[in-house]
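Protein chains: 2
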Amino acid sequence: MASVKLLAMYTQPEDEAAFLKHYHEVHLPLVLKVPGLAKAVVNRIETNLMGGAAPYFMIAELHFPDQASFDTAMASPENRAAGKDIGNFAKGLLTLLLALEA
Amino acid sequence: MASVKLLAMYTQPEDEAAFLKHYHEVHLPLVLKVPGLAKAVVNRIETNLMGGAAPYFMIAELHFPDQASFDTAMASPENRAAGKDIGNFAKGLLTLLLALEA
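In order, the protein sequences belong to chains A and B.
If you're matching positions, the first sequence starts at 1 in our numbering and goes up one per residue.
If you're matching positions, the second sequence starts at 1001 in our numbering and goes up one per residue.
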């Protein structure tokens, strides 16, 4: 029932253009190979409506149909490859949260 | 085109049960009255996969079809009523980010 989402929340990179180029040309293609992934949605954060700097630059949602498919995905070599790639463009920038759609 | 999302990110409340009761019985019904809102998705944060405490307890996504409908929504009395209600259950807990789906 409740779909499972991995929220990949990235803080501001030093070089936005280099980050986005690597994300779209290398990282997202690796993520899209992860078995069981139902949908990936990439959100660019524009404004902190409470004032001040936004705490994140980008939030990607990776949707899985259920916990079992999420667990299988996390254990896959494709997921390990995507995880390893984080160090190539987003070292220290990433918070990864597991969320359940209510 | 790029859909516009308001991300309402709540940190951990002292009393989870009271927070959730107010959210679902009072706040969300107010939010659902905001004109132009296309969809509301409520995500409970389960785990910080990077280790440590999760930085948020709940993230609600409020989807609008475009910037114009978002601007109209923000200026509406229904939105002011929903905003005012935040003080009743989530004082100091809320970060509100404007996001564009890439």
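Keep in mind the hints are simulated off the structure, nothing from the lab.
None of the values given here were measured: they were computed from a predicted structure.
Among the clues, some could well be false.
Once the Cα atoms are required to be at most 20 Å apart in a straight line, the calculated DMTMM-like pairs of lysine to aspartate or glutamate come out as [as the list claims (entries may be wrong)]: (1) LYS39/A x GLU1101/B; (2) LYS39/A x GLU1016/B; (3) LYS21/A x GLU46/A; (4) LYS1039/B x GLU61/A.
Calculated from the model, a selection of chain A residues having no Cβ within reach of chain B, i.e. all distances over 12 Å [as the list claims (entries may be wrong)]: (5) LYS5; (6) ALA8; (7) GLY52; (8) ALA99.
Using C-beta positions, here's what the derived DEER-type ranges look like [to be verified]: (9) GLU1101/B x LYS33/A: 20 to 26 Å; (10) THR47/A x ALA1038/B: 17 to 23 Å; (11) GLU1025/B x LYS84/A: 18 to 24 Å; (12) LYS84/A x GLY1087/B: 43 to 49 Å; (13) ALA17/A x ARG1080/B: 34 to 40 Å; (14) PRO77/A x MET1050/B: 19 to 25 Å.
The C-beta atom is built at its ideal place from N, Cα and C for all residues, glycine as well.
**OP:** Just pull the numbers of the violated hints for me, sorted ascending.
**Re:** When the structure is compared with the hints, numbers 2, 5, 6, 7, 8, 11 turn out to be violated.
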